[in-house]
Every structure is written in structure tokens, then in C-alpha cells.
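Listed here are the chains, written in short residue letters.
There are 4 protein chains.
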Amino acid sequence: MRAVTFQAPGEVRVEEKPDPEVGAPDEALIRVEASGICGSDLHIYHGRVPVEKGFTIGHEYVGTVLEVGADVERVAVGDRVLGCFHTACATCAACLRGDYHRCESQRTFGHGSHLGNLQGAQAELLVVPRANLTLRPVPSSMSDEAALFAGDVMGTGYHAVAHAGMKAGDTLAVLGLGPVGLCAVQAALTGGAVEVFAIDSVADRLAMAESFGATPVHLTEEEPKKAVRAATEGRGVDVVVDAVGDPAPLAMAISLCRDAGTVSGIGAYAGKGEVPLGLAWLKGLQLRLGLANVIAHVDRVMALIEAGRLDPTPLVSHHMRLDAAAEAYALYDNREALKIVLTP
Amino acid sequence: MRAVTFQAPGEVRVEEKPDPEVGAPDEALIRVEASGICGSDLHIYHGRVPVEKGFTIGHEYVGTVLEVGADVERVAVGDRVLGCFHTACATCAACLRGDYHRCESQRTFGHGSHLGNLQGAQAELLVVPRANLTLRPVPSSMSDEAALFAGDVMGTGYHAVAHAGMKAGDTLAVLGLGPVGLCAVQAALTGGAVEVFAIDSVADRLAMAESFGATPVHLTEEEPKKAVRAATEGRGVDVVVDAVGDPAPLAMAISLCRDAGTVSGIGAYAGKGEVPLGLAWLKGLQLRLGLANVIAHVDRVMALIEAGRLDPTPLVSHHMRLDAAAEAYALYDNREALKIVLTP
Amino acid sequence: MRAVTFQAPGEVRVEEKPDPEVGAPDEALIRVEASGICGSDLHIYHGRVPVEKGFTIGHEYVGTVLEVGADVERVAVGDRVLGCFHTACATCAACLRGDYHRCESQRTFGHGSHLGNLQGAQAELLVVPRANLTLRPVPSSMSDEAALFAGDVMGTGYHAVAHAGMKAGDTLAVLGLGPVGLCAVQAALTGGAVEVFAIDSVADRLAMAESFGATPVHLTEEEPKKAVRAATEGRGVDVVVDAVGDPAPLAMAISLCRDAGTVSGIGAYAGKGEVPLGLAWLKGLQLRLGLANVIAHVDRVMALIEAGRLDPTPLVSHHMRLDAAAEAYALYDNREALKIVLTP
Amino acid sequence: MRAVTFQAPGEVRVEEKPDPEVGAPDEALIRVEASGICGSDLHIYHGRVPVEKGFTIGHEYVGTVLEVGADVERVAVGDRVLGCFHTACATCAACLRGDYHRCESQRTFGHGSHLGNLQGAQAELLVVPRANLTLRPVPSSMSDEAALFAGDVMGTGYHAVAHAGMKAGDTLAVLGLGPVGLCAVQAALTGGAVEVFAIDSVADRLAMAESFGATPVHLTEEEPKKAVRAATEGRGVDVVVDAVGDPAPLAMAISLCRDAGTVSGIGAYAGKGEVPLGLAWLKGLQLRLGLANVIAHVDRVMALIEAGRLDPTPLVSHHMRLDAAAEAYALYDNREALKIVLTP
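Protein chains in written order, with the working numbering: chain A, 1456 to 1799; chain B, 1456 to 1799; chain C, 1456 to 1799; chain D, 1456 to 1799.
Since the hints were made in silico from the structure, they are not lab data. A hint or two may mislead.
No distinction is drawn between identical chains; accordingly, a pair holds when it is met within one copy or between any pair of copies.
Cross-link-like lysine to aspartate or glutamate pairs, in silico, EDC-like; alpha carbons within 16 Å at most [unchecked claim]:
1. K1622 to D1754
2. K1472 to D1754
3. K1727 to D1701
4. K1727 to D1526
5. K1508 to E1466
Take these sequences, add in the hints, and give me the full structure.
In C-alpha cells:
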């Protein structure tokens, strides 16, 4: 089969590899019909996340089941399925608490040996362990493109809002309108947010957020804090989603949040950062940080997509062939694409 | 002033009464511009809830502030305001927990001496105690008719869903499509329900629920349990709202709910009733019963109405003059009206 | 091996059976060193819960691992282990929500083919499926007798209190001082209850509850409602645990609970029952019913037992040999024993 | 009356002032019988929190009601009472959500005009506004010294643990064993913590924590991270309470916490600080920051003290006369006292 492999920082390549096979009884073999390129793939592409040379990358996918192990019950051969970006054991202390994203033996597709040694989804074939936990049949009315998002980006947008405890009638701000931020905007509005301030500096992304129903605020040409204050009697919003992930956005998130509100830090932080702790403390904020728990949300997210209440398809800016992966990564790295879908 | 008073079971009358005045520093005097007739008014009309002869009834209202006591800060003279159907002390053990609806010195408008001796809102003037807690200025874009619902019926619909812990992506069933049930349908959809089964036996109400986005199910001509099972892979819905309130609907609610789901019993129960406890126990259900905590929800409900996410106005079937109150009650009692708004 | 089997209502027998073997890779074979007789075993004994003639019964056990399948990681051969009374798939919709007790393919040990066809633990050997989920190594400091309770009776007592949302500083009432009620008393006090009213009509059980720190109240010789009211400024307790399970105790539970409080119905209900719904509704109660989710609690319960914060051993009234099972059941049925531990 | 007043950084003085009087109908006049010196008083003493020259300081007190306004119902003349360190309006958006500590018109006793202009409790007489919300009669069995803590330091310790969502069976670490940290240790153990690592560098405080049941860990002579890891199978604790409040302790708190655990930052942060955000994000932590919501907890905290489940009295290291306030502040500033109680 053909597969997109990491070679070196800035270099990915489509290579011919042996067809993978079902090993354990809880595995399924999938013929991948669409895969996505995600912001986290760029971390690999830039060499910030170490992956072995020749490792197949990619973790967003939809496809058809070709074979299943003896214990697989949730999906059957011939089913069109979607999957989550990682697997979990379902039985460790973290999984028992429902924290599948912190599974003690978590394995992420396409992230090399240090994250579970699971070959990636930007390929023609994919073996999925723990299939009962992470695969779902796709309803016939749902397009591949929509299904592709349920187990990763849209699941992350949903998590950003749900994990913050948002209630219908709340106000929100979303910092950063990449795919995750835009999905968080949709998730917030679908869950009953009365106003969502969507903050970024890219006009197209602001326009897309506005088309979803958000109030666009330009990060530098407008004054987000002023805009939020004006619309909330000076209080700030109930929930701020930081979909960027550096200390600077976190500082802004803290400034936009009302007293005793919640900042949902879904954007990846790294290293140390200077944080306005004094302000966060005075306001009595909760900062809820970390990767999304998409396995916990995938059934609800799928149902919302199927019902047309969430619709990630406008985020797809480019369709490319798997063979054009090198070009696709270069384009994505160049920030010319919002979301690229690869098909075999 | 003129006021609608209870006289005897089946008899209300518009009487001339002395104008009420602001007494305590936390009170406000309101010129009532619209008031509603509610299902609970019928309990009084039928004599099931005892109210003194001559007591002014009614507890849904919108109006303009004529005068305020020294401690009133939340609203000012001249403000158009809406109010909640009851007041609370804000400091007892129940209020401290946020259970304003179970305030130890709760007073409900228009329910006679046994519920706090607070003259009702179906009148030209109304004195509102604890004005800071229960009054809100009405945004200029919001109609009287919409505002009228925020502190009672729509607050109850919102509570039915929120108190059940509904999450975006859940499925629901709502039993009974009176005003509360219809508001619960809206609240569920606004909060991200993917499917709401709206169950009643009145065609017009089913049609209205459908126009809101629900799946109508006729109580007797269809088989609610079968319909719900078919759409939920046999599991039942995550949340059932019982907006009727007798043991029979509760039994159906229990049968429609999925394992470990929640039944939100917002419809008034009375006396004792035979309940399929064995089934509820086997399923591991939570039954959350009781009156709505509208004071806790009123700001969010107002925001949702203002944003157009909730719209109670289609429920108003009749506009009548305060002077026609006797006729209005007879009509409502006859089930010819869904919601009657009285204006002076 | 020898095993206690159901023969007919009122008749159990120790029989010789073939030694069971590890089949699937997630199974473990246990040499049972102690097993308990539980209230639910009596339902089988009485013929109320149908079990095939010759089926091995029992679901409380502690023992040593003799053999494990290839996927078992949590316990190893030679480990002394405790187990939960049922298994779960860990991946169905219910398990994903953390409701392991409502697993769609739940299997309970020793309850015949209609509850999963899993041979019971009152035997010399036991095969445990899903070993990673339901088995735990027992700390060396913990006695067999204490360990025996973690995955069933004490887990149920813990659940009764935790599932009700009890907070440190709350007051409680526990109705019914069988093993589950007594464990709930301990769990409540350990979690910070300031006063626990322990209600029963058996003097020994009242005395044991008192020795744990509860306030004993005789069901008929005293007036539970009066006692509770007097101690709570007339309000009632925050949480009532009904560890009996008939409609009559539920009615008392509703009467003892404060406004907006919670009744935790852990005792098994069956069929239909007349419930004072009007009072429950007026009070705004939550009734949380059903079997305990012991898998979700087992690690915390074990830790509390290990720390000496929970101590189920006083509940053990009788030690008997496995061979004396028929006598043991007769004794238990006769209400002469609080808890019987069987050893090979 | 005599009152302790702020004069200048490092200087407080006992001055004669006119007796205060009840003004508004919701006020009570208290004869103060004991008051405490608190860590936050030191912020004033050091000039970090600006207070007007001559302003009476102090916010922990117990005393007897001398006079009440017309609306005061919760306490009566002659009652011995305790109070919370601040008042709240009970009706603003924050209070309605139950966030009394973030009341939009919050007033703190003894903190000058910028925190509500409320004269302090280190005086012979005190006027308490919103008496129904913040005063409680003290049970006769409770000493003045114990009562003094319920509305401030012990309420803060309780909050640190409760706001973190601690469950019975959890493990904790408490950083900083000043009065708040020591109270958090007690609150954790009372709520069912199985092990509490109490971390500080002062031997006496470590010894006191140990006497409460905690596992003492010397901050520098031992290795807290190693100790915690060893006792938790390498996972870290479920909840970390940071009762110190600088970025350095927060970094340690993050390192001690298990994946998806909670850090409760009750110690006051100021300004900006460098935080290991990458680690907090990888672990998926929640940081819950801010002042305690003591009004929400005061009834439970009082009940726990009355039941002997919490006992703050060992923390009182010094009893001094109000007239010796200058000396008391110098001693406290010198870290020679854990807690000083002033009596008239």
C-alpha cells in the first residue's frame, strides 16, 4: 500500500509499504477513503514532535472495514466507519474515571514510537486496535468529509466547550480560528451560547466564524477586551476557549473571562510561560487545560453532525490526492489551507 | 385600580381595589402592562389550591416601574421590567444552596395567604418585594409577550432540561405539550438536543412542537415507546421531561428513558401514585421532581429570548382585556386556549 | 472442584464440578479463598431470581490468581486479588459514560444465564472475564474478610452515598441496617457526614451502627421523622439512603429528606409501588435509584479500607466451610446471620 | 470603643473611636469577644494592600449581638454569633450563581475603602451589614476560639478541598502549612482523603499536620515529588492544594498532581508568574484559583466543628489582649505565631 511517511523536518514522502494485517482479536483493518491533515501533523512536520523516519503519519480518517478480529462487535466488515485519533485501554485508572485522553497506555495514530507506535492514517490501509472503543459506523447520510472530523477536530471543539461546563444562555469568546477554534464556535452555538466572540487576525476565518453565527472581533484592528466588556455589562464572558495555546493568548483569555468563569485551554501549551496569575486569582477563575477527550464525546458529536447541528464541511479548503501529500504539507505549512482532505 | 380576584371555585371577578403602595425599601411598584393566565391559575380557579375570596390572582407579568424603595438597585423608575412568579429571601439555607424555589420564606404572587400573602399580577398595579432578586429590565428589542414568559413558563421549560443535566447531543422526550412542555421542547433544541420526541394527543400542539423542530408522536394513535426505541437503537432517550404530572405519564417517562438516564418531573404531582419502581430501579434512573427554580435561570432565559434562540410568542393563542378575565378563565378552563395574555 | 449450586427454591448443594479453565485472553483463573453470601443470593435461594438447576452461585470473593490470559495486565499469577460482583465490556455506550453497572453486556457472577451465564464464586475455582477491569491485587495488610466487601457490599454502601452527591458537613438517614445499610453508614461518616440517623428495628444492628458513630433510631419504638426533624431544625436530612427497597421505606425516605434533597434508593425495588409523589414533588427531591456502580468505585473503596477509614469486618457474623453451604443459606434465610463468609 | 487601626506600613495602633451604630435595617451591632489576626492582615500591615490611616482592621470575629435592624431574622439580641470575613448582596449575577466571594458589591471587613469601606473586627464593637447572610448563632458547645475560624480560615480550608471536587478515597497534597494549609489538611481528612501529604519546611507545622493524620514531607530536606510518586504508583495525587500562592509552589503543585487532576490555588497570587504550562497541559489539569467562598460553606463548616470533625483550636498559638495589638502584629510578622486571638 501507499502511505505518507515522515522523513525529516520539512519532508514527508509517499512510500510503498507492506499491507498491514489484523493481529489481535480487538483490531480492525480499514481501507482509508479520506484522511485529514491536522495542526498536530505540523508539529511532526516541523520536527517538534519526534517521529521515526519512515513512520506513517496521520490520525484523522474515514474508511471501510475490510477485516475484523474475533472480539470486534461494534463494526463489521463492509461498514463505512470513522475513528478517533487515539486509542485507550478502557480499564486503567484514568479510563475508569472516563479520562480516555489520559489513558495510561494511550496510543495515538501516526505519532511514532513515543506515543504508542501506531502507524498513521494517511495511507491506503490502517489497522485500528481497540476497535470497539474507537470506531463507529458512519450513518449513510453523513459525508466522508463530515465524518472525518468527528473523532478529532470537531470532537476537540465540542470538548473545549463541554469540558468548560458551558450552559445554554452563556456568552463565550474563542481565541484562534483555526479548525479547532471554528469547531468550538459551532459547538458553543449549538449548545445554546447566546453570543460567541470569535477572535483572530485572519479575515477569512473571521468571516467564516461570522457565517456560523459568531461575532467576529479582529485581534489587533479591534480591541477584544473592549468589545467583550461592552457586550457583557463590563463583566466578561462566562467561558473563554483558548484554541491557540501560547501564554499570550492565555493572558488575553484571563482578561476576557468574567469573575468565577472558566478558561478552556485546548490549544497546546509547551514549556513555561508567564501568566497573569494575580488577575486569574482575583477573578477566581478555573483554567481547564489539555487535549480533548474525544472518545468520551464521539457519539454525541456524530449525532450532532448527523442532525445537521454541527457541520464541519465548510472548513475543508482543499481536496488533494494522497500522492500529493508532500505538496499538501507544504501548502498547509504555508498557512494557505484551513483543512486539507487527502483521498487515495 | 382594577384587579382580577378569586371569588369561588369557577368564579373570578374584576374588582376595583385601592392602589397598592411601596412599603419596604426592597419593594417596587409596577404598572402591569401584560399578564398571563397560567396552568397553576386553573388550580386556584378549580378550588384545588385554596385562595381567599377577593384575593388578586396571577403571577406572570411585564410592566413599567412606577416607584422603588430605597434599596432597589437593579431596576429604576421608568424601566420596563419582567418578574419571576415568586420571591425568595436569598439568605436562608435553601437560597444559600441556590434553591430559590425552595426558599424557606418563599412567596408566590396571587396564591393567597398560604403561599406568602402576595397580591397577584392580573391587575393594573403590582407591588414586588425583593425587587433586586426577581425583577429585570426588559431589553428594548423584546416584546411584552416574550418577556412575560421568562420568569415563569419558559423558565420552567429551561429548568426541566437544565436540571436534568442534558448535554448537547442528547435525545429527549417531552410528555405533555401544554405551554411548559412546548417551552421544554424549545429549551432542549436550543441546548443541542439532536432529537426531541414531543408526545401529546392534541393535533395543534403536536404541530406546534414539530414547527419548533421536534418529532411529534401522538400519544394514543402512535406508540411512543416503539417510536423512541426505533430511533435510539432500542435504548430509550437520555432525558424525559414529564410536563403532565400524574402517575400515568411518570410510568411512561420511566419506560421511555434509557438506562441510567434522567426523568425530569416538572408537571405537578399530587397525593400518592403507583409508580413502576422496579423498572426505574433496574434501569438505574434518576427522578428529579419539583417546581422550577426560575430565579436561578432568569438571566440566561432572558438572554436566549433576546438572542432569538428561545421564542415563546407562538404559544400566545389569545389576547384579551383585563376586564374580560372571567371570560378568559372560562375559555382557558375549556381548553380552548394555549396561552391567554391580558392587557389593561 | 467443589461448588455451591442452586437446585430448587430453598435448596442449594455442594457439588463436584470439572475445574474451569481460562478461555479468552482477558480471563483469569482464581483459587477462591473466601466467598460471601449476600442478600441477592437470597433472591436466588427464594426462586425470585431464576437460575438454572446446577448453576454455581455466589458473586463476592477473594482469592489467588492461578492463571491469566495473554491480555491480562492488572494482576499476575500468584497475586491475592479481589473482584467486583459483575463484569462489563468497558466500551458500550453505558460503559463509555462510566455507567459500568448498566453495561449493555453486563454479566453477573452466579446469576444464571439471564444475567450473563457466568458461573459463581462460591466454589473452589472461578474464571473471571475482563480481568483488567474487575480484579485488583489486595494489599498485604488487608484481610480476606475486608477485601471480600470492596467489590460488592462496601462498594454499594459507598455508591449509595457518593451517587447522592453527599458533601462533608451533610446530615443523612440510612433506612435498613443490613450489610449494605451498615456499609452506607460507614461511607457517610467517612465522607464527612456530621450526623447519620441509622434506622432499623433490630437491636443488634442499631447497636452496630451506633458503634460506627451513627445515631440509632428504632423504626417502630421511636419516631424517625420526629427524631430527624428535631435534630435538623425541622428541615430533614440532606440525603436519605434507602437500603431496604420496598415502597414503604421509600415513603419514609421522602418524608425524612429536606427540601431539594436526595433520596438514594440502593435497596432493590420490584414491581409497582405506591409512592407519595405529591410530597416528593413539593419538596423538589431527586430520587436516584438502582444497583451500585462498584467498578467505578472499587479503587477508592479499597484505598479507604486499606487506610482503615472503612472497616467492613465487624459485619462478618459467621465463618463457615464451603461444604456447609446448605446450612449457611438456611441460617442466612432465617435472619440469624448478618454476613457469612465461606472458606474452602 | 477601642479599635486596632492601621497607621502606616509596619504600624498599627489601638485607638479610641466613637461607638458604631446600627444604620440600615439589615445590620447588627456586635460586641466582639474574640478576633483573630490573619495572613491577609499582614498584607495590610506590610502596605501591600492599601488601607486608609486610622481605618479599623480585622475580619475574623466572634461576639454577642447587642442590637439588630428591623430586617434581621437569623440572629437576635443576646445571641453569641460568628461571622464571615465579608458580606455580599445575595442578588447580583455572581451571588445568584452562588459565587458570594465574587459578589459585585462585595465588602470585606477591615480592608479600607477600596474593598467596601467596612470598619474591621479587631475592636470592641462591630457593625455587620447583611446580617442574615453572614452571621450565625454559635452552638453553646462551641468555644469562641473554634467559632472564630468558621467564617474565614477553616472555611477557606474547606473550600480548598470542596471546590477541587475531592472525593472520599482520594489522595491529596497540601503545600504550605500556615493556618489555611493546616485547615485544608483537616478538611481533606474529614472528607475521606486516604492520604494527605503535608508539605512545608517548618518542623512544628509538619508535626501539627502529622498530629491531624497527614503524612508530613519536608519541603527541602525530603523530595516531595519522589515521596508522592512512591505512594501513588507513580501517578501523583488526585488533588493538590496550594496554600502558599507564589508561582514556585504552583509549579510544584502541577508536578505533584496526577493526570486530569485538580490544583486548588487558594493561596493569594499576585502579578505575573512563570508557570510550567506545558506540563499542566500535557497532564490535562484543572487549576481552580481564588479566594474562598466561605458564605457558601459556613453552615457545613460550623456543623463539622460542632460535631468535632474539624477542630481549629490547636492552631491558636497565642492569646493576647486587644490593647497589645501592636505587639501581636510584630510577633505575627516575625513568624513567631501560628494564630493569635485577641480578646478585649
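Status of the hints after comparison with the structure:
1. Taking CA atoms no more than 16 Å apart as the test, K1622 paired with D1754 passes between copies only; the shortest distance there is 12 Å, against 20 Å inside one copy.
2. Taking CA atoms no more than 16 Å apart as the test, K1472 paired with D1754 passes in neither setting, with 33 Å inside one copy and 44 Å between copies.
3. For a Cα distance limit of 16 Å, the shortest separation of K1727 from D1701 qualifies both inside one copy, at 9 Å, and across copies, at 15 Å.
4. In this assembly of identical chains, K1727 and D1526 lie within 16 Å of each other by CA distance neither inside one copy nor across copies; the values are 44 Å within and 39 Å between.
5. For a Cα distance limit of 16 Å, the shortest separation of K1508 from E1466 inside one copy, 10 Å, qualifies, whereas the shortest one across copies, 68 Å, does not.
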